[in-house]
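Undergrad: So the protein lines, in turn, are chains A and B. Residue numbers for the first sequence follow full-length UniProt numbering, so the first one is 1 and each next one is one higher. Residue numbers for the second sequence follow full-length UniProt numbering, so the first one is 1 and each next one is one higher.
Nothing false has been slipped in among the hints.
A pair counts as met if it fits within one copy or between any two copies, since identical chains are not told apart.
With a Cα cut of at most 16 Å, we get these calculated EDC-like pairs of lysine to aspartate or glutamate:
1. 52 to 248
2. 67 to 271
3. 67 to 240
4. 67 to 92
5. 147 to 158
6. 179 to 205
7. 127 to 248
8. 69 to 240
9. 179 to 143
10. 52 to 269
11. 249 to 123
Think of the hints as simulated: they come from the structure by calculation, not from any bench.
There are 2 protein chains.
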Amino acid sequence: MENKNRNTAAIGVFDSGVGGLTVTREIMRQLPNENVVYFGDTARVPYGSKSKNNIIRFSRQIIRFLKTKNVKAIVIACNTASALALETVKEEFDIPIIGVIVPGARAAVRETKNGQIGVLGTEATIKSETYTKEIRKLMPEAEVIGKPCPLFVPLVEEGFAKHKITEEVIDIYLSDMRKSEIDTLILGCTHYPLLRSRIMAYFGESVHIVNPAYETAMDLKQILEEQKIANTSGEPAAYDFYVSDAAEKFKKFANSILPYDVDKTQAIDIEDY
Amino acid sequence: MENKNRNTAAIGVFDSGVGGLTVTREIMRQLPNENVVYFGDTARVPYGSKSKNNIIRFSRQIIRFLKTKNVKAIVIACNTASALALETVKEEFDIPIIGVIVPGARAAVRETKNGQIGVLGTEATIKSETYTKEIRKLMPEAEVIGKPCPLFVPLVEEGFAKHKITEEVIDIYLSDMRKSEIDTLILGCTHYPLLRSRIMAYFGESVHIVNPAYETAMDLKQILEEQKIANTSGEPAAYDFYVSDAAEKFKKFANSILPYDVDKTQAIDIEDY
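Same shape as in the complex, but just chain A (with noise of 0.2 Å):
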């Protein structure tokens, strides 16, 4: 009993903007029963050009906030505040917190068949090398090549994303890695889901693309089920959407990805939490 209100209570959902909605779209699917809260951080995108004490700082105060909606359980729906920020805030916060980065390594290890592992992230990302780490826990010998691909997020977010433009920026940051041996490519960051179509036509079918929102979703469900907080009152899920600034632009790109209609965003001064 003492769960009835926890089970009840929403997932908490974050990314620096939009990309966190594709994230979002998965957990909607699998977990159709789930209430979320999502933020996104429009007023401080892009992360990935940013250092890990502002990453480790922004997100503190997301998940401060999310807690005042009395969320059950936070998905960093950010690879770079993933790869930056999940270890330092999981120890400080009393929820399960996951972040994409661990689903996406599982998922290219299971994947891949000779080892050789591309990853595609912002700079932030790459840098770090959290991919890499998380990988090689669980296959030793596996290869990763990374590569930044920085101009992806402002393509996405302008909507340029099925533009001619595009195709072109993607054959400059990857043809190198093209040329490699890798079979299994890990999208990186949560806005390239949105440019999946083109860059698997640009490595054509001999490589795996990893999309680690579907497994981070999976995840999630693995967590509910455990800690016994799935919610199963029946009761048809509510969606809420916060942002820290133009809500109406968020607004217009959550309803272009999401199966649901996205009525009301609200802005909220996240500088105050």
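Following the hints, position chain B against chain A.
TA: Coordinates of chain B only, in the frame set by chain A:
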């Protein structure tokens, strides 16, 4: 005598990131006796997609920080902050504060022969229509065509200014404007002078390109003279650089565009101000 300390005090210059260095460069050239304290808000860059409320808040914090450095005047070397925050902060602080838009508008009005003026800027700058209003104050019959170019800032910040891809993005954004009758074009974002030669080549000789940075330095000079606070000490000028994040990356960029060797850049926590 009362003004002696004020005379040798520095000019405070700020921008969302590295763009304002193009204004700093003009101040160094035209006011070689003036000390400068520069602040780049690299933790919160870019400003162009963010809301007026946040831009005002960011600007207030930065002005409070610059005042701790005892500056005698402030240059908002960012078009977005000039467009959205200058009017408000001018009323709130007791030192001269100038932006880049009024000087840019004045130069455009001086150069145009047919009264058709183009303005390139961030989404926030163009949406504010501040350039249009300032131009029409001086030339009520002017026709002003604004165009937001949101990918220009990340292209410059990621070091793609001289890349072929930038030429294609210029064509995507500006092909309509090239077909128009404009004879004068304002580079209404401090990053854009770094794309100047490409934009000039794209429009050809019939279009005069206005860089508000140059005009802003001239305005500053006039204000310092009028208020009798120009630095006439004859001491070599000192330049100090502060950022809110990732000082090393900033330093590298600064050294690529300033006629001065930036050997030290300090990161501060701007949210403390």
